[in-house]
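Chemist: Top to bottom, those sequences are chains A and B.
For what it's worth, my numbering labels the leading residue of the first sequence as 22, then goes sequentially.
For what it's worth, my numbering labels the leading residue of the second sequence as 10, then goes sequentially.
Just so you know, the hints here were simulated from the structure itself, not pulled from any lab data.
Since this is a predicted model, take the numbers as computed values, not measurements.
Cβ coordinates follow ideal geometry from the N, Cα and C atoms, glycine included.
Check each hint, because a few of them may be wrong.
Short derived list, chain A residues pointing at chain B, Cβ under 8 Å [as the list claims (entries may be wrong)]:
id	residue
1	Glu-82
2	Val-89
3	Lys-93
4	Glu-133
5	Glu-159
Listed next, the in silico DSS-like pairs over lysine-lysine satisfying Cα-Cα at most 25 Å (straight line) [unchecked claim]:
id	chain 1	residue 1	chain 2	residue 2
6	A	Lys-104	A	Lys-93
7	B	Lys-171	B	Lys-129
8	B	Lys-266	A	Lys-81
9	B	Lys-33	A	Lys-81
Chain residues, written in single-letter form:
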Amino acid sequence: MIEAQAEVLLNYVGGQWVRSQSGSQGEVRNPATAQAIALVPLSAADEVNAAVAAGAAAFKEWRNTPVVDRIKPLFKLRDLLIKHQDELGRTITDEAGKTHGEAVAEMARGIENVEVACGAPIMMQGVNNEDIARGIDEHMIRQPLGVVAAITPFNFPGMIPLWYLPYAVASGNCFLLKPSEKVPMTTQLLYRLLEEAGFPPGVEPTNETALTSG
Amino acid sequence: MPPLTSPTTPVAKYIYARAAENGKRAQCQGGAKNPAIVLPDADMEMSTRILADSAFGCAGQRCLATSVAITVGGARDEFTQAISDAAASRRVGYGMIEGVEMGPVISAESRQRISSLVDKGVSEGARVLVDGREKEVDGFRDGYFVHPTVLDSVAPGSTLSKTEVFGPVLSLMHANDLDEAITIVNDRAFGNQASIFTSSGGAARQFRHEAIAGNIGVNLGVAAPMAFFPFSGWSESFFGDLHAQAHHGFEFYTQTKVVIERWPNTWSRTF
């Protein structure tokens with residue numbers, strides 16, 4: 022049975038919250054009560070492609086943004102995650118079932134990854150040798166890949182996306198996240214905070230979609 | 010009836026293969042079956058508390074949950090009793106309620122699969138010491154709860170000894186000495202984590218050196234690397250080379266470009 026107020030979750034693509042047009046959706050259940058607490062869109066392949074396109078469109082400007090500026094939203098995100106840690110924890114408990122203490126601890130591990138990714142200016146450094154031959158120099162530099170994606174599991178809805186997202190965007194990529202359809206509410210909350218942290222549109226599109234659509 | 014085996018590793022392998030086929034890099038986390046060795050010289054009270062949290066914390070739904078404990082020599086009786094007591098007394102319920110130590114598993118299907126795996130273990134000769142199935146939680150009768158479950162005499166090579174349960178189920182095995190225990194640890198497809206509980210530096214060193222796993226715990230039940238170390242699963246637990254987190258993250262998400270340059274001046278024209 023679906024509660025009347027069950028929220029219909031949205032996709033976040035190119036800086037916009039959009040309703041999936043796939044016509045297919047799943048129920049998110051609180052495993053402690055078996056109650057449906059939200060409806061998750063099972064997005065279609067063309068919607069995934071649109072999210073990739075939004076990332077590709079944002080890529081050129083983002084990779085040309087200096088790394089010191091790319092990490093500024095991460096510093097803000099880190100503070101927002103701490104401010105909302107209890108709320109994120111409650112969402113994790115309600116959709117993934119773990120205790121609130123475990124959920125809050127999970128967020129702490131995620132936040133630590135945001136902090137480490139703020140070291141991108143040093144981590145992105147290359148190496149060079151002057152005079153590999155007389156008058157000739159060789160450099161190795163690091164460049165981002167483009168649009169990257171993560172498909173994440175249900176068991177750590179807050180932490181595991183943060184194993185990837187902060188590093189991907191700090192190093193100049195645009196990032197696409199497909200969370201587990203069992204725990205998309207944590208993702209939605211995380212992306213509200215990413216939006217508030219001030220990433221430019223398209224840098225962090227998400228798409229709650231079914232594995233079968235790819 | 011859901012299949013007994015977890016789909017995690019087949020899905021990870023499939024995505025990794027598809028990525029390779031398309032010339033894309035990928036890092037794919039697979040399943041796990043994490044063993045812990047308990048030596049007779051371990052601090053038994055502390056080891057029990059740590060292993061109970063590893064096996065039953067997050068309802069056993071961690072990729073670093075210990076699901077097999079191998080006692081060595083005289084550790085068997087004391088540890089078996091202590092971990093059974095810890096399992097039976099763990100408070101299970103809705104995770105927002107104060108004092109609850111363990112929540113439900115993720116779905117009705119998952120609960121059914123866990124229960125079937127325990128049945129399979131029994132049919133292969135294991136003995137259930139603590140049965141957490143078919144136990145209700147007051148006020149949450151519809152929830153997907155499985156209470157902590159402990160099985161003894163789980164045979165090496167049996168389905169339960171090899172299959173990821175992803176639920177609060179701990180299998181006990183026994184070895185006569187450390188070498189035999191390490192052989193049991195290494196006789197499995199996964200390599201996410203392996204732990205040892207001991208007060209002997211030499212035993213810990215031998216284990217650290219020989220265990221086939223990418224995350225090693227010494228007197229630790231969940232050896233989760235901090236954000237500034239890579240999360241280092243091995244074998245069927247990971248497909249890829251660079252792992253998640255830290256410098257591996259930056260290397261994974263960047264490609265290197267080499268520039269060799271010469272400028273027209275007197276030096277560069279000397280061949």
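Chemist: Now tell me, hint by hint, if it's right for this structure.
Modeler: Results of checking the hints against the structure:
Annotation: interface hint on A/Glu-82 violated; nearest CB of chain B at approximately 18 Å, more than 8 Å. The closest approach between the C-beta of A/Val-89 and any C-beta of chain B is roughly 15 Å, which is over the 8 Å cut-off, so the hint fails. Given the 8 Å rule on beta carbons, the hint for A/Lys-93 is violated: about 18 Å separates it from the nearest Cβ of chain B. Restraint check, A/Glu-133 versus chain B: the minimum CB separation of about 4 Å is within 8 Å; hint holds.
Satisfaction of the interface hint for A/Glu-159 is found here, the shortest Cβ-Cβ separation to chain B being roughly 5 Å, below the 8 Å cut-off. In summary, the hint linking A/Lys-104 to A/Lys-93 is supported, as the alpha carbons are separated by about 17 Å, within the 25 Å threshold. Among the hinted pairs, B/Lys-171 with B/Lys-129 is consistent with the structure: their alpha-carbon atoms are about 12 Å apart, no more than 25 Å. A C-alpha spacing of about 17 Å is found between B/Lys-266 and A/Lys-81, which places the hinted pair at or below 25 Å, so the restraint holds.
A hinted pair counts as satisfied when its Cα atoms are at most 25 Å apart, and B/Lys-33 with A/Lys-81 qualifies at roughly 20 Å.
When each numbered hint is compared with the structure, violations occur for hints 1, 2, 3.
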